[in-house]
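Based on the sequences and whatever the hints tell you, model everything.
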Amino acid sequence: MEPIGVYVHFPWCLKKCPYCDFVSFAKERDGIEHDRYADAILAELERRAGAFEGRTLATVFFGGGTPSLWAPQALGRVLAGIRAFTAGRTLSDVEVTVECNPSSLDEDRARALVDVGVNRLSVGVQGLEPERLRFLGRLHDAEGGLDAVRAALRAGVPRVSADLIYGVAVPAPEGGPKYLAGGPTQEQSPREAAAEARRVAETGVTHVSAYSLTIEPGTQFGELSRRGRLPIANEDGVAETFFAIEEALSEAGLRHYEISNYAREGHEARHNLGYWRGHDYVGLGCAAFGTVSGRGAGAQEGFALRYRNPIDPARYMRAALAGEVEVESEEPLDPETRLRERIMLGLRLREGFDLERSAAEVGAEAWTPERRQAAERLVKRGKLTIEGGTIRVPRDAWVLADGIAAELF
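Its first residue numbered 1, the sequence shown is counted upward by one per residue in the UniProt record's numbering.
Hints were generated in silico from the structure; no laboratory data involved. There's no promise every hint is true.
Derived pair list, reagent style SDA-like, types lysine to any residue, alpha-carbon separation capped at 25 angstroms [unchecked claim]:
| no. | residue 1 | residue 2 |
| --- | --- | --- |
| 1 | K16 | A233 |
| 2 | K27 | Q73 |
| 3 | K383 | E240 |
| 4 | K383 | A239 |
| 5 | K383 | P369 |
| 6 | K16 | T214 |
| 7 | K15 | D35 |
| 8 | K383 | E370 |
| 9 | K27 | E331 |
| 10 | K383 | I259 |
| 11 | K15 | S225 |
| 12 | K16 | S260 |
| 13 | K15 | L139 |
| 14 | K15 | H140 |
| 15 | K15 | L128 |
| 16 | K15 | D141 |
| 17 | K380 | G363 |
| 18 | K16 | T185 |
| 19 | K15 | P171 |
| 20 | K380 | E361 |
| 21 | K27 | H140 |
| 22 | K383 | S250 |
| 23 | K16 | L224 |
| 24 | K380 | R395 |
If you anchor each label on the Cβ, the simulated ranges turn out as follows [said to hold, decoys possible]:
| no. | residue 1 | residue 2 | range |
| --- | --- | --- | --- |
| 25 | A71 | P18 | 25 to 33 angstroms |
| 26 | Q373 | G54 | 34 to 42 angstroms |
| 27 | G403 | D334 | 21 to 29 angstroms |
Note that the Cβ used here is the ideal one computed from N, Cα and C, for glycine as well.
Now the structure itself:
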């Protein structure tokens, strides 16, 4: 049976970070409706029965927001419900990940999550330099980030990942409290970024995600950028930092298996690999996306259906608990759209992906004349390799992967 993942969205956090474009709402810990939200998700799960037909549960991912704020017993009820619902159709070692912020993770919380069946934590360390952490709106300091990782490891979490953000420019102290376009900035050097990556790797984590800061519309940073009041890191420096981090983490024994991700052998993020390889996933919770294929999931043969749940938590819970099927949006994905998504995501992987097999799986044409011509041009420029039906982006061109993928559309 085909593998399928489950994504559960937890919408609350203690503070909205200025760079974050995920749906999240700042709320005090004692104002979170832990059990009511769990009840709503379990009610929604019943309505998504068709998506699991003929499929094996491979991964469960609790994202947000800050899922480490969720009471472990409530999160555990949701996980137990998912397992019960897919009984007899689950892998023996289902990966269960919870995203965590250092400000809401200690050894006791980590151990409680392990007790309810979680086997992987992803900790948002983001950086180890005080000024950069303040600029990113983080509620923890450098040691707080490292302590959270160490606490997870002491608690016996089998697999622990840490997130880092690089490519961040902050206003220089002499620039004053308000940044003006063209004003003085200070940027993290490639050497400093590599040193941070080494310090994180030394904790014993089994996985590291290192992301270049992206300025998204609709965020605080996006608005500052629109007004010319946000410092932007130099692109050449960001590219140098990418390779400096790669060298540091490779030396520490973590393999660079996807543009932004590194893992010790056997500790790759399986849930994310499902996205990159085009596997179906069921989204549960407010604002969650899901993508399911086949008529059992309500999609036409050869098509997939992408849906998004109501964005407002109160609206989502009200509808789910009333047994209503309510979505924010639905979008049918035709075979060519599905193949383009696989190209965009598959080329992020070090190993690339089998274009011909993917095309056959979704019912699209692998090598249209236009795609063949574009691929040949990219090969001549050293931006693409083709081996049989497999295509991949060479390491030196990884920083250009999105543009390379777009040329193959």
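Taking the hints in turn, this is what the structure says about them:
At most 25 angstroms may separate the alpha-carbon atoms for a hinted pair to count; K16 and A233 meet this at roughly 22 angstroms. Only pairs whose Cα atoms come within 25 angstroms are accepted, and K27 paired with Q73 is accepted, the gap being roughly 20 angstroms. Of the pairs offered as hints, the one joining K383 and E240 holds, with about 18 angstroms between alpha carbons and a cut-off of 25 angstroms not exceeded. The hinted pair formed by K383 and A239 meets the criterion: a straight-line CA distance of about 16 angstroms does not exceed 25 angstroms.
With a C-alpha separation of about 19 angstroms, the suggested pairing of K383 with P369 holds against the 25 angstroms cut-off. Note on K16 and T214: the hinted pairing holds, with a Cα-Cα distance of about 16 angstroms set against a maximum of 25 angstroms. With a C-alpha separation of about 21 angstroms, the suggested pairing of K15 with D35 holds against the 25 angstroms cut-off. Among the hinted pairs, K383 with E370 is consistent with the structure: their alpha-carbon atoms are about 17 angstroms apart, no more than 25 angstroms.
With a C-alpha separation of about 31 angstroms, the suggested pair K27 and E331 falls outside the 25 angstroms cut-off, and the hint is violated. Of the supplied pair hints, the one linking K383 and I259 holds, its CA atoms being roughly 15 angstroms apart against a limit of 25 angstroms. A distance of roughly 21 angstroms separates the Cα atoms of K15 and S225; the hinted pair therefore holds under the 25 angstroms criterion. This hinted pair checks out: K16 and S260 have alpha carbons roughly 23 angstroms apart, not beyond 25 angstroms.
A threshold of 25 angstroms between alpha carbons decides the hint, and for K15 with L139 the separation of about 8 angstroms falls inside it, so the pair holds. Taken as a hint, the K15 and H140 pair is honoured in the structure, with Cα atoms around 11 angstroms apart against an allowance of 25 angstroms. This hinted pair checks out: K15 and L128 have alpha carbons roughly 19 angstroms apart, not beyond 25 angstroms. Between K15 and D141, the direct Cα distance comes to roughly 15 angstroms. Compliance with the 25 angstroms bound is thereby established for this hinted pair.
With a CA separation close to 29 angstroms, the supplied pair K380 and G363 exceeds the 25 angstroms bound. Between K16 and T185 the CA atoms are separated by roughly 24 angstroms; this keeps the pair inside 25 angstroms, and the hint holds. Only pairs whose Cα atoms come within 25 angstroms are accepted, and K15 paired with P171 is accepted, the gap being roughly 22 angstroms. For the suggested pair K380 and E361, the alpha carbons sit about 28 angstroms apart, so the restraint of at most 25 angstroms is broken.
Our distance criterion of 25 angstroms between C-alpha atoms is met by K27 and H140, whose separation comes to about 17 angstroms. A distance of roughly 22 angstroms separates the Cα atoms of K383 and S250; the hinted pair therefore holds under the 25 angstroms criterion. Between K16 and L224 the alpha-carbon distance is near 15 angstroms, which keeps this suggested pair within the 25 angstroms criterion. Among the hinted pairs, K380 with R395 is consistent with the structure: their alpha-carbon atoms are about 16 angstroms apart, no more than 25 angstroms.
Look at A71 against P18: about 28 angstroms separates their beta carbons, and that is inside 25 to 33 angstroms. Checked against the hint of 34 to 42 angstroms, the pair Q373 and G54 passes, with Cβ atoms roughly 38 angstroms apart. Between G403 and D334 the beta carbon distance is about 24 angstroms. The supplied range of 21 to 29 angstroms therefore holds.
Comparing the model with each earlier hint shows violations of hints 9, 17 and 20; every other hint is respected.
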